[in-house]
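J.: Chains as they are written, first to last, in the numbering used here: chain R, 102 to 415; chain G, 102 to 415.
What the hints contain is simulated information worked out from the structure, not anything from laboratory work.
Do not rely on the hints blindly, as some may be mistaken.
Calculated lysine-lysine pairs in the BS3-like style (CA-CA distance at most 27 Å, straight line) [said to hold, decoys possible]:
#1 R:Lys112 - G:Lys112
#2 G:Lys372 - R:Lys112
#3 G:Lys385 - G:Lys372
#4 G:Lys372 - G:Lys340
#5 G:Lys112 - R:Lys193
#6 G:Lys193 - R:Lys340
#7 R:Lys385 - R:Lys372
2 protein chains.
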Amino acid sequence: MHEFDLIARLKPLLPSNDFVVEGAGDDCAVLDLGDPGHHTLFKTDAIVEGIHFSRDADPGRVGHKAIARCLSDIAAMAGEPIAAVITLALPKNHDAAWCEALYAGLGKTAARHQVAIVGGETTTNPDRILVNVAMIGRVPRDRAVRRSGARAGDALFVSGELGGSIAGRHLEFEPRLAEARWLAANVDVHAMIDLSDGLAGDLPHLLAASGGLGAEIRAASVPVSRAARELARAGDLAKPALLAALTDGEDFELLFAVPPSDAVRVLDGWKAAFPETRLCCIGKTTATPGVILVGERGPRPMPRGGYEHFHGPQ
Amino acid sequence: MHEFDLIARLKPLLPSNDFVVEGAGDDCAVLDLGDPGHHTLFKTDAIVEGIHFSRDADPGRVGHKAIARCLSDIAAMAGEPIAAVITLALPKNHDAAWCEALYAGLGKTAARHQVAIVGGETTTNPDRILVNVAMIGRVPRDRAVRRSGARAGDALFVSGELGGSIAGRHLEFEPRLAEARWLAANVDVHAMIDLSDGLAGDLPHLLAASGGLGAEIRAASVPVSRAARELARAGDLAKPALLAALTDGEDFELLFAVPPSDAVRVLDGWKAAFPETRLCCIGKTTATPGVILVGERGPRPMPRGGYEHFHGPQ
Numbered sequence: 102m103h104e105f106d107l108i109a110r111l112k113p114l115l116p117s118n119d120f121v122v123e124g125a126g127d128d129c130a131v132l133d134l135g136d137p138g139h140h141t142l143f144k145t146d147a148i149v150e151g152i153h154f155s156r157d158a159d160p161g162r163v164g165h166k167a168i169a170r171c172l173s174d175i176a177a178m179a180g181e182p183i184a185a186v187i188t189l190a191l192p193k194n195h196d197a198a199w200c201e202a203l204y205a206g207l208g209k210t211a212a213r214h215q216v217a218i219v220g221g222e223t224t225t226n227p228d229r230i231l232v233n234v235a236m237i238g239r240v241p242r243d244r245a246v247r248r249s250g251a252r253a254g255d256a257l258f259v260s261g262e263l264g265g266s267i268a269g270r271h272l273e274f275e276p277r278l279a280e281a282r283w284l285a286a287n288v289d290v291h292a293m294i295d296l297s298d299g300l301a302g303d304l305p306h307l308l309a310a311s312g313g314l315g316a317e318i319r320a321a322s323v324p325v326s327r328a329a330r331e332l333a334r335a336g337d338l339a340k341p342a343l344l345a346a347l348t349d350g351e352d353f354e355l356l357f358a359v360p361p362s363d364a365v366r367v368l369d370g371w372k373a374a375f376p377e378t379r380l381c382c383i384g385k386t387t388a389t390p391g392v393i394l395v396g397e398r399g400p401r402p403m404p405r406g407g408y409e410h411f412h413g414p415q
Numbered sequence: 102m103h104e105f106d107l108i109a110r111l112k113p114l115l116p117s118n119d120f121v122v123e124g125a126g127d128d129c130a131v132l133d134l135g136d137p138g139h140h141t142l143f144k145t146d147a148i149v150e151g152i153h154f155s156r157d158a159d160p161g162r163v164g165h166k167a168i169a170r171c172l173s174d175i176a177a178m179a180g181e182p183i184a185a186v187i188t189l190a191l192p193k194n195h196d197a198a199w200c201e202a203l204y205a206g207l208g209k210t211a212a213r214h215q216v217a218i219v220g221g222e223t224t225t226n227p228d229r230i231l232v233n234v235a236m237i238g239r240v241p242r243d244r245a246v247r248r249s250g251a252r253a254g255d256a257l258f259v260s261g262e263l264g265g266s267i268a269g270r271h272l273e274f275e276p277r278l279a280e281a282r283w284l285a286a287n288v289d290v291h292a293m294i295d296l297s298d299g300l301a302g303d304l305p306h307l308l309a310a311s312g313g314l315g316a317e318i319r320a321a322s323v324p325v326s327r328a329a330r331e332l333a334r335a336g337d338l339a340k341p342a343l344l345a346a347l348t349d350g351e352d353f354e355l356l357f358a359v360p361p362s363d364a365v366r367v368l369d370g371w372k373a374a375f376p377e378t379r380l381c382c383i384g385k386t387t388a389t390p391g392v393i394l395v396g397e398r399g400p401r402p403m404p405r406g407g408y409e410h411f412h413g414p415q
């Protein structure tokens, strides 16, 4: 069974209460905890040795990745991160120096984004290391940017460059917190999601949440990363660079939808605010469901998939 | 390295910020998120197949245990639980029906305590199932009951009965939320902790947090569970019942300290409010460090240990 099918099947079993503004299904849950100015964001995420990092990876970078993934989800709601708690599940013969280096990486990235680490549990996972991060953030009341607000004809943008993160970026990416908050403050962002499962995997989530829209993506406008291009040159078994940009996971870039009338203003404002980070208009949403990739060969269906944890890199 | 040593070594690496009232080291972190009436509690906890439950355990009871452990930590601060997010790490060939039954158990216990489940992540843990629960709760401002407030001469109480939880109670215990909130509302509770690592393991945490106190525990007053007595009769290799009550893990009962002048009032009030749940005064705190067990053979040092995840039941 597919990860998303499982979550969809489980969702009706989840109890709610009056604190819940938005439950499971978006990048973060949204709660009303009584702060007159803010809603609270809540998120959990885990990385697992052999799935999301290799045993010989630098532990500081593993710690960075563990917390940066949660930070990216806070960014996707245009939120401000506040505090995190860590669960470190370790084989019994764990190396204390490795754990300290992991925490140093966690702590450095947390400090850079003004996030407190307020709890650290350890438990046993006999076969491999697992790091879970749960995070609280906040967003001005009713200003969380959801996946669900896109409308037909919206312009679609992605930050940064896509594909090939396995070459190193998956351990180094910087969550787009400042960029997302700038967007929410300056543009009418209809919908936003962070790209953890690849553009081809995550765009359908945004479209489905927004009432079953479709999209047309211009192949030539997809920002293909240098890493994806270099990996594509590795041989005749390598993924073509465009396919990698569409289907590789762990980009942790922002995908968002704005009214077409805002498109030029977004590009100009972004360029002034974040001159070192690309922003590309990759296409538009459509009333007709389905994602179409428009390239030199004419329109084609978007390649399926995107990164899935249950079928992802080992 | 010991779990608690690791956490102590890691703690200085953890960044803080102005939202933090109490960081790592108590049953929950305490945050000030701007609710004029409340502080926010934050906790994470994981259970792992083969460590905290067996593969053939009923999945509904595993789900109950996963969330009830976090609820017990909220109880230990005299808090009210609000919302939880779940990370379910599974082998690739996971059984969807097992997952649904797990979530049904999680959901039923959450609903019984008015907790919303607002997010459910799944990821791959190839060798065994791991369930992480992160929870937000709240407590009236400045009314969170810490581990750190005990004073020399305080009376020490435990709820329920101790030991032998492996016989079944570890999958069935009900977190003492109502009892803890009753205590905080009616008694001057100086310090409280939930017993996850056994009385002999957790009492020293409360005493250390309270400035390095000691304690005298009356062996005859320790409430030994029927399960511990029955397991003790299993043969000449079985743990004596008193030792089990002191050192078995996963009791999830409350241990708390009150001024000696309140002791009778606590017992009488508890009996009226919770007639079906035992409450025992097991001894007192002392200015002299160290935990002494006073029994028929005179005073002895408390047996070492208590349940540790790194050396616990397999």
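J.: So, against the hints stated earlier in the document, which numbers end up violated here?
T.: Checked against the structure, the hints that fail are numbers 1, 2, 4, while the rest are satisfied.
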